[in-house]
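Student: These are the residues of each chain, in order.
Protein chains: 2
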Amino acid sequence: MSIPSTHPLISSETASSPLIRALRGETASHIPVWFMRQAGRSLPEYLKVREGVGMLDSCLRPELTAEITLQPVRRHGVDAAIFFSDIVIPLRLAGVDVDIKPSVGPVLGSPVRTSADIERLESLSLSDESLAPIREAIALIVAELGGTPLIGFAGAPFTLAAYMVEGKPSRDHLGARGLMLSHPDLWERLMQWCARVTGQFLRAQVLAGASAAQLFDSWAGSLSLDAYKVHVAPASASVFEQIKDLEVPRIHFGTGTEHLLGAMRDTGATAMGVDYRTPLDQASALLGGNVPLQGNLDPAYLTAPWPVIEAHVRDVVARGRTAPGHVVNLGHGVPPTTDPTVLTRIVELVHSL
Amino acid sequence: MSIPSTHPLISSETASSPLIRALRGETASHIPVWFMRQAGRSLPEYLKVREGVGMLDSCLRPELTAEITLQPVRRHGVDAAIFFSDIVIPLRLAGVDVDIKPSVGPVLGSPVRTSADIERLESLSLSDESLAPIREAIALIVAELGGTPLIGFAGAPFTLAAYMVEGKPSRDHLGARGLMLSHPDLWERLMQWCARVTGQFLRAQVLAGASAAQLFDSWAGSLSLDAYKVHVAPASASVFEQIKDLEVPRIHFGTGTEHLLGAMRDTGATAMGVDYRTPLDQASALLGGNVPLQGNLDPAYLTAPWPVIEAHVRDVVARGRTAPGHVVNLGHGVPPTTDPTVLTRIVELVHSL
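Chains as they are written, first to last, in the working numbering: chain U, 189 to 541; chain X, 189 to 541.
None of these hints come from the bench; they were simulated from the model.
Be aware that one or more of the hints could be misleading.
All copies of an identical chain are treated as equivalent in the list; a pair is satisfied when it fits inside any one copy or across any two copies.
[Unchecked claim] Here are the computed lysine to aspartate or glutamate pairs in the DMTMM-like style, where the Cα-Cα straight-line distance is at most 20 Å:
| hint | residue 1 | residue 2 |
| --- | --- | --- |
| 1 | K417 | E446 |
| 2 | K417 | E324 |
| 3 | K356 | E429 |
| 4 | K356 | E446 |
| 5 | K417 | D469 |
| 6 | K417 | D503 |
| 7 | K356 | E332 |
| 8 | K417 | D454 |
| 9 | K356 | D469 |
Computed from a predicted structure; not experimentally measured.
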């Protein structure tokens, strides 16, 4: 049974697309497939349009953002576009001093660690006006996509907060986890702020035309289940709550999160992205067998000879059939060195199964 | 029941130490505690003796290595010394061009990726002579330690191979995992070579006086259970096989390895180190309740106010009581920024419980 969309921007054509049907656990005309980070450094046409343009700028110039988002759909024939953005875009839009340093990642002008830092942060917010470039880009994208759905994108509060506390990428997120455990009151205020801007960011995308939303909690796997439930899940739940009335599928994904799958679903996701480490039949069983899944080709296979890749794709698809719906994807982002023709071939294979 | 040691260098005093008794699942006079990376950058006395000395050199000058290994035992009163070394030391001793770049990590002169690379590697081996600085350092260490046991140290074949294929540290070990999946024949030869030198390295340490051995598979958590079992476990089993006749406790540890705990134990470990993410009672249940455990204070707590740390230590100790033996440790290495007085206080607390 299809859940009727009350959202005027989700056309009936999009609602009946293989992606949206699979994410709702309905039978689709073919198995849908897209790739996390499909828009990006693996595509020569991306490198060309990005020449001389900083990463965050490329997310905030509507025509360029739209072009980058659409490139992999045109090239690979994937079943969804994913909005080209960056985890720290809501911070930039709210006025936080943040930039992406090439070969480093997001770097903040001043990390957020003390009560005073959080107070300063709480004086910042996302205005409706600041979201204009997001709305404009999405309008351009959905106009070209037609019946192919666009998935909205946001980083989850914990991952956002991890960058904010460290001031830069880190391996163990010790600073963020330390603040969480040492000063749970400050941590909670930080998470509430992150949840608010993330929710606004995602809601703006759906209202502008995205037909699904994916929340990426890239670093959640660094947490124990208990720490996740107490200190992180409420903020992620608040993000999903802010888009719940829009009735689009809500996908939740993190890496190294086998031990958190159920808790992440319980924040209000309607479909779970699965990391490449957990076979989909096992993930489905862990989740009680009633959650549509997305994933989980291992990016390490992308450099293998085609017969090895093909066997892996067939295995993932077979395991995915144990879930009520399955969207084929990678169990992590496309590596920058990937040969894009391999991705196109995988799309063709999945569509033939 | 105590397993009698046939090894002449394990004195009866060491065999009856709390560490060795706990690792054998026997009742100890107090709960033993040591810290991964206890020798290192958190200690001012370490920074002083390391001045002007490269990392790998500090592992190969017997008097300096001994001094660094002993410093945390003197300062904290921990129940074990861990041999100060580096995962790539066996490579250096075998003649591989490798160095540690400050704030980068291990960097190889030329990565190992092709059949020709592996052939070149196979022409290198660890001679008995090359291990002389290891034996000399250990003789100095055990002479000062008396009844306090020394734990031997080695990086597991997968973690070693991950550095060798990438040529440097990486987040996802895509190069290594790609080689594993694309060219399993080459991968197996690489793993066999790594297993041989790692086994020799660890065996030399035990023969020189180490009373236990810990195999660190830092990056194993990046693997699925299936990939681990097929492509990694046989090499780790070969390492343990090379020291099995010496009858010292064999500890196996990796991070993010909850899904691999049983498979890692099955390689021939007699005790399992547990990452901070998995509560010890849960880890013990996963392992069938009959495996001594080591761990698993979360390093993120080390910056918390003392009452928060104390509650965490008490919780870890209480959960550890569900295992047949428990050695308190961190569930990851000591962060360089740790206040060493906090570690001393944790030792005092654990010993009082």
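Student: For every hint, state whether the structure bears it out.
Tutor: Against the structure, the hints come out as follows:
When the C-alpha separation of K417 and E446 is checked against a cutoff of 20 Å, the pair qualifies both within a copy, at 14 Å, and between copies, at 18 Å. For a Cα distance limit of 20 Å, the shortest separation of K417 from E324 qualifies neither inside one copy, at 36 Å, nor across copies, at 50 Å. Taking the closest pair of Cα atoms, K356 and E429 never come within 20 Å of each other, the shortest separation being 29 Å inside a single copy and 43 Å across copies. In the homo-oligomer, the alpha carbons of K356 and E446 never lie at most 20 Å apart, since the shortest distance is 26 Å inside one protomer and 27 Å across protomers.
For a Cα distance limit of 20 Å, the shortest separation of K417 from D469 across copies, 18 Å, qualifies, whereas the shortest one inside one copy, 24 Å, does not. Within a single copy, K417 and D503 get their C-alpha atoms only as close as 32 Å, which misses the 20 Å cut-off; across copies the closest is 18 Å, which meets it. In the homo-oligomer, the alpha carbons of K356 and E332 never lie at most 20 Å apart, since the shortest distance is 36 Å inside one protomer and 43 Å across protomers. In this assembly of identical chains, the alpha carbons of K417 and D454 lie at most 20 Å apart only when taken from the same copy (10 Å versus 31 Å across copies).
When the C-alpha separation of K356 and D469 is checked against a cutoff of 20 Å, the pair qualifies neither within a copy, at 36 Å, nor between copies, at 34 Å.
Comparing the model with each earlier hint shows violations of hints 2, 3, 4, 7 and 9; every other hint is respected.
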